[in-house]
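Asker: Chains as they are written, first to last, in our numbering: chain F, 45 to 264; chain G, 45 to 264; chain V, 45 to 264.
It is worth saying that the hints were derived from the structure and are not from the lab. Heads up, some of the hints might be wrong.
Copies of the same chain are indistinguishable here, so a pair counts whether it falls within one copy or spans any two.
SDA-like cross-link-like pairs, simulated, lysine to any residue; straight-line CA separation at most 25 Å [what the hints assert, rightly or not]:
no., residue 1, residue 2
1, K81, L227
2, K81, L190
3, K81, S200
4, K81, E197
5, K81, P111
6, K81, R203
7, K81, D204
8, K81, P255
9, K81, N196
10, K81, H205
11, K81, Y252
12, K81, L254
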Amino acid sequence: MSAIKTTLFTLSNAQVVIEAVATIAFALSGLLEAARKRLDAVGICVVAGLAAFGGGTLRDVLLDRRPFFWVEHALWLWALLALCIGAMLFMRSRHLAVTERAMQWPDAIGLGLFTAGGTQIALDMQQPAVVAVLMGVITAVFGGVLRDIVCNEIPSAFRDHRPYAICSFAGAWVTVAAQQLELSHSIGLVLAAGTATLLRAAALWTGYTLPSWQAGGPER
Amino acid sequence: MSAIKTTLFTLSNAQVVIEAVATIAFALSGLLEAARKRLDAVGICVVAGLAAFGGGTLRDVLLDRRPFFWVEHALWLWALLALCIGAMLFMRSRHLAVTERAMQWPDAIGLGLFTAGGTQIALDMQQPAVVAVLMGVITAVFGGVLRDIVCNEIPSAFRDHRPYAICSFAGAWVTVAAQQLELSHSIGLVLAAGTATLLRAAALWTGYTLPSWQAGGPER
Amino acid sequence: MSAIKTTLFTLSNAQVVIEAVATIAFALSGLLEAARKRLDAVGICVVAGLAAFGGGTLRDVLLDRRPFFWVEHALWLWALLALCIGAMLFMRSRHLAVTERAMQWPDAIGLGLFTAGGTQIALDMQQPAVVAVLMGVITAVFGGVLRDIVCNEIPSAFRDHRPYAICSFAGAWVTVAAQQLELSHSIGLVLAAGTATLLRAAALWTGYTLPSWQAGGPER
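Take these sequences, add in the hints, and give me the full structure.
Answerer: Structure, rendered in structure tokens:
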């Protein structure tokens, strides 16, 4: 009995740690882009916050769901502020490219976790499967989209031809399938997050790019 | 009796067909802009979806109204996906300019229908007349605005000096007037949508442009 | 008794006038940016409206609070339209720079008032202190952010290195402190708005800039 409790506690602790790492990876992606664009301290904090919490917040606005994650766990706002101030104090130019490359893997984990979590939330609210999948993708991808829009870039998720949202899309359908097969929430979460993360990792390893559309025509 | 039913059925069928054509025209406007900006397959689907459903969704968020059109009729999300994949498979560069010109007319119909529908929804929720008009314009115009923002352009509705939102504005006031005069919903819809569509068509035919503001000054 | 009533009436009138001046300053900031970007008449009205009402509307969407200010006081939409049409008729190029400089002071007042009001609204809804502060900053700053995003600029609040959002942040904490000290709403409002406004005014007078982040690296 006690052994089970300890295992559950360890598992739940592990999940909290993994989620924290993934959220920090998302925040750092915003911080790096803001630094690259030479934003000031305010801009860095806002863009990091948008990258970390923007996707989930947009999902909750669309689903009319409250409280937001960062309202329920307001401590995270302080953690974000501390992260940004720490980065501004201790990061140097030569750290930027290194950090970006190092962040690819926790970012892939975040892609999986946010997808599975977002899809499950929508399914629990009895949304149709395709809508739940869309909500999972929005949770995982639209933080980065908002980050890029504020930084005056076309969102990289929409134009870099490397599978990102597609991996999230596949993972979201695994969540739906797990629900149909009546698997437990935690098994469904692991399968779905694993699918999205591994697909993304495979895309990074192999350098695979989406087939380009031939009909491009001249850019305006 | 049976003749009336048949007529009503035909009318309601006609409305569904017209609405579908208008929505597809809006989606294609997003698809074409995404192709011009050389977005990847994910970007093309997202921008097409924003152009088609973004205006109505923003209206519903502002009015705190659920479910969204694309949640209630989730089949449309599949239709959108099929449209985008079909376009990516079959459209060639030389089709782009042709499609854009051909879309002007269904787009004008969409402008009218979305305006009248959006205004009516707000009036049914007892919003003040000027707010209902604003909601009609947002429904018709802000899909294109979101499309342009994601594609990193100043929204064309705000800068091309050709009447677009203004036609929608006029049509929305016709909806309000029809409500005041206690005309039936369907007559009001036809009058309002017709006004906006015909004004837009007249603007396209005559090449009329809004008077430019003399105070421009040098662009930053 | 009558003297007290007169005083209260005068005070409340003074508040209405100050709020109106501040809102108009925000609207003019949008109008000027739209004119600089050579938007058409529709774009000028939309961008002015976003700058004036966008921050409060975003706060209300996040807090799930209705009706919006501009729905409850729909007369303001007419006032905004009149302001834009008047500016288009009577402003000339040479007025633009003058107006921009003259608007700095009412804009600082708006920063203070919007911050204090937005924070108080969130506190009244039992939000945690840090969330209420964030809502105050969003109310004061995100109108300008939306204005800049629509005009295809990186938001100036995030990149011009002059204290703006930070002044709002400080003022918002004063509102929280006033609530903790159980000061009356109006005293808290005056203290908080005064703090943000005076800090902003001091920043403008001294030309102080936020310390730049050394880690910038080359801009993409």
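Asker: Please go over all the hints and tell whether each is borne out by the structure.
Answerer: Comparing the hints with the structure gives:
1. K81 / L227: Classified as neither; 45 Å inside a copy, 42 Å across copies.
2. K81 / L190: For K81 and L190, both the intra-copy (15 Å) and inter-copy (18 Å) Cα distances are at most 25 Å.
3. K81 / S200: Both: 15 Å inside a chain and 12 Å across chains, each within 25 Å.
4. K81 / E197: Answer is both; intra-copy 10 Å and inter-copy 12 Å each pass.
5. K81 / P111: Answer is neither: 32 Å inside a copy and 37 Å across each miss the 25 Å cutoff.
6. K81 / R203: Both ways: K81 and R203 sit 19 Å apart in one copy and 9 Å across, limit 25 Å.
7. K81 / D204: Both: 19 Å inside a copy, 12 Å across copies.
8. K81 / P255: Cα proximity of K81 and P255: across copies only (16 Å, versus 30 Å in one copy).
9. K81 / N196: both (9 Å within a copy, 15 Å between copies)
10. K81 / H205: Both ways: K81 and H205 sit 22 Å apart in one copy and 13 Å across, limit 25 Å.
11. K81 / Y252: between (28 Å within a copy, 21 Å between copies)
12. K81 / L254: Intra 27 Å, inter 16 Å, cutoff 25 Å: inter-copy only.
Comparing the model with each earlier hint shows violations of hints 1, 5; every other hint is respected.
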